[in-house]
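Peer 1: In case you want the letters, here they are:
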Amino acid sequence: MFYREAGQFKASYEEDQQIFTIRQDRVGFYAILAFFFLAVPAFANQYWLQAILTPVLIFSLAAIGLNILTGYAGQLSLGSAAFMAVGAFGAYNFMLRIDGMPFIVAIILGGLCAAAVGIVFGLPSLRIKGFYLAVATLAAQFFIVWALVKFPWFSNHSSSGVITTQEIVIFGFAFDSPERKYLISLAIVAVLALLAKNLVRSTTGRAWMAVRDMDVAAEVIGIRPMRTKLQAFAVSSFYCGVAGALYGYTYLGTVEPEGFNLDLSFKILFMIIIGGVGSIMGSFLGAAFIVLLPIFLNVAMHSTLGGAVPASLAANLELIIFGGLIIFFLIVEPHGLARLWQIGKEKLRLWPFPH
Amino acid sequence: MQFFFEVLIGGLLSGVLYALVALGFVLIYKASGVFNFAQGAMVFFAALTFVGFTEVLPAWFGLEEGSKLVFALAFVLALAAMVVLGIATEKIVLRRLVNQPHITLFMATIGLTYLVEGIAQGIWGANVRGLDLGIADEPIGWIMDSANILVSKFDVFAASVAGVLVVSLALFFQFTRVGRALRAVADDHQAALSIGIPLQHIWAIVWGVAGFVALVAGLIWGSRNGVQFALTFTALKALPVLILGGFTSVPGAILGGLIIGSTEKLAEVYIGPFVGGGIESWFPYILALGFLLVRPEGLFGERHIDRV
Amino acid sequence: MKLKTTVLLGAAVAGLLATGYAAAQQQQFIGLPSYRVGPYASGGSGIYGGWIDYMTLINERDGGINGVKLAWEECETEYNNARGVECYERLKGKGTTGNSVFQPLSTGITYSVLDRVAQDKIPLVTMGYGRTDAADGRVFPWVFPLITTYWSQASAIVNYIGTKEGGMDKLKGKKIALLYHDSAYGKESHAIMDKLAAKHGFEVLKIAVAHPGNEQQSQWLQIRQSKPDYVVLWGWGVMNPTALRTAQRTGFPREKMVGVWWSGAEEDTIPAGDAAKGYTSAGFNVAGANYPVIKDIDKFVYGKSKGNMEDKSRLGSVYYNRGVVHGIITVEAIRTAQEKFGKGKPLTGEQVRWGFEHLKIDDKKLAALGATGFMPDLNVTCADHEGAGKVKFQQWDGAKWKVVTDWVEGDKPLVRGMVEESAAAYAKEKGITPRDCSKES
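If you read the sequences in order, they're chains F, L and S.
Quick note: to get the working numbering, add 22 to the position in the first sequence (first position is 1).
Quick note: to get the working numbering, add 1351 to the position in the second sequence (first position is 1).
Quick note: to get the working numbering, add 144 to the position in the third sequence (first position is 1).
These aren't lab readings, by the way, just hints derived from the structure by calculation.
Misleading hints may appear alongside valid ones.
Stated by the list, open to error - Just some of the chain S residues that point at chain L, by a computed CB distance under 10 Å: (1) Ala-341; (2) Ala-354; (3) Leu-365.
From a predicted model like this one, the values you see are computed outputs, not experimental measurements.
Backbone N, C-alpha and C define an ideal beta-carbon position, used for all residues, glycine too.
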């Protein structure tokens, strides 16, 4: 009844090309933005800001990065965490070695470092496809982490290879409290997500999708596969790199190369599969789901079984349920949460008169 | 030169052990097109179940601890558990994901990894256990004496087990009815179905065989390094073998294992010191990657032809 | 009738809440960021099991610390930094006075909460892991790498090898191979070993083992080739039994192998079978169930079937006993703090921090705790957050660990110099002004 586009006519090309063509969607979008920018920092407590919302935002960004590569350009990658590491260590070194380096610029430069590394490891994609490529991206995963541990220059010769990020100061304003760190993450993620949304609707994005659906056919219609694939690798790694830098600066404060391990790469892959392959929105939903699910299971296990079963069994049960839910979810909705959202919207359009 | 050969032989023998794990991947990928990431977890599960049974069986039935009977019974029970696990996976998970994109199936097997790990440690506990197969891990005397080259008895034993396994699997595929059906399924699911090959039946068998391979790999790796969670990491050693040898080739897995095993060791010894060592984590992947650039379908993989 | 029932029910609920509240008032909350799944589970279940059992012992046998019962809650971190941070944030406000102490048993999580603990005023205790230079309490007031750090350990190991050789001067010209886990943890050994090598004139041969380390053929062939006098095993997890097995097959004597405390538990030797016989390892706690404190746990905790371990036979194992040490130190710090801030009431994290900073466990105290020889004596000060820096060496006889030395101390001035240098660099980088310890009370 309320969610209906009847009477909304598109009179110009601009209107036709908006991201949200339905007014209710636009209003909803601004309401959500306002909620997260204004209401959340005002009312959420530290636990939610620091331990839940900030990581969800950062992982969403990484998931968008992987989604660009896997969901839009069709190249499976298992090395996202390593590109995050490049971004984090890159930003750290720019801040460290160049006096007066502005934070935002350092983050972007960190992302660009990741993009450059991404292009190098994307080169094999020109010849290798599918799981062969996926396993080959593991080379990036292991090599980058190894290099960051091995060459002390990256961690400024710290004895254990761990870096402690510098303070975030933008125009003399220090982002030091959880609220501020959350806000700066949110701002960066929002801008980049918007950019990604527009990118995938542009020529570039369409070229990616053409290559994804069939690269030979795409080549026939005049899309250069090499340029397109490398572009996807570069943009994807850039997003992962920025996410990695935020992971270091606004979330953990101290990062070690081993933190960016294969597990994290898989987690990000889970996020896009659960959230929805080829959907920016899905990246957010998937990140929230994968971050929250184990925490929820842990809390639920304590409140229901607390003390009734041995702690080890409870912890293993959590793992079993987590794995089981993932499988269950893949079986029930292989297209992810984004698809559920879509179905919900279509239902809402007809509601309350479905016939 | 003697040192070179020593490293080379050691590497080849380790390579066979990698191939053993890779074999499980190949079987399942060949038959059902699933890149089963849970193979590592299955190796862990199989070995832990075996050791777990050797611990509880004597108490349950009053058998002599460590006797041959206990080992045999535990082996049969662990094998049964693996077959049940395989069939359950096929029935509950894969059957419902038919026709989904490969990546979805792949993710389902990662979900399965968590599940299997949780079940294994939930049932048997997190303790690290030793496993003694009764083969001493020491240099073979006469090779040591004559050529001063170190060759471990245990590795030779493991390599022969792997060799026997591969030959029997190859014979099984070549000469039995099920084997032929399996090759037909591998070639083309739909064509196989249309001539009346029971697809699900074949899949269940393949998962069962993969479970058996996992058990053998688990026992050998477990008796080398102990039965513990780290057995799941053996999968990471198998992946480069897999891309080098091709996802669908049994001989490819063996040859890939030999190449990866030997070059990895030689690289660690001769290149490692110049870059600070520890290159074994990524070197096999880079090697396989370089190889793929020349032959994108691996050593023995099937050439894929794109049609528009 | 209806009204009456309601009132009665309400009163009952209020009463329950009140008693619950009163009970909670008398509890000291300790958040346990544990891990019981995955590759770290074998260590985690032992350490957290021992720790929880000791706290249960205090509650059951003594009725708490001066009447204040201990309460705790576990939070599964899976040894994952992000999960660890979530656990930290979740646990920090629990209980009446908040979390008293955070001990994540993971270097990664330690680093991730390093800045947070100072803001939230919760002491961060890292025993045998974490940031070594945090031993300088002037720069790191909230962090306590108690008992001993990696650098003290490395130095103690070199001292032990020196004594075995018959004097430190005998080390000159010797060759020691350092077989390390190729990670931040393993790299921690480099700087100190280089310093010690320069000082004593031995040669260090650093050999990296890539994670997870389940294949070490090439490393051990290198060792066989270069024939070092000793091998220091700085390993973790499956790397340890693999190293022992590969040492056996390459014919390197295990008597000449010395491990660190993460390479010296039953979990590391049992899987290696016979190959582990003769192998020696450092430890800031020892194995064995014959200490009064373990016997008390058996009697008061398992006697009432309130034990945390599923497998009771692990009582007295290295990891279990390490957990008991965690328990002892936590409890004694709270006790110390209660002496200043008031006996018989729960304390805040800030007050417990004071307790850690003034923690003194001398031989008399150890005897009273039933832990003589079980752990080293401890004297924490404002400047020295390490407190002991001593380890014992244990040898595996094929079935169990046997203590072969008394407490061995490292080269304290050298280690302290490195700690201060590193801490000063950190202070400079982060803009911290070190505390003046003479002004602290």
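Peer 1: Given Ala-354(S) was flagged as interface, is its beta-carbon under 10 Å from a beta-carbon of chain L?
Peer 2: Holds. Min distance 4 Å.
Peer 1: Would the hint on Ala-341(S) be counted as holding, given a Cβ-Cβ threshold of 10 Å to chain L?
Peer 2: violated (17 Å)
Peer 1: Tell me if the interface restraint on Leu-365(S) is satisfied: Cβ within less than 10 Å of some Cβ in chain L.
Peer 2: holds (5 Å)
Violated hints amount to a single one, hint 1; each of the other numbered hints is respected by the structure.
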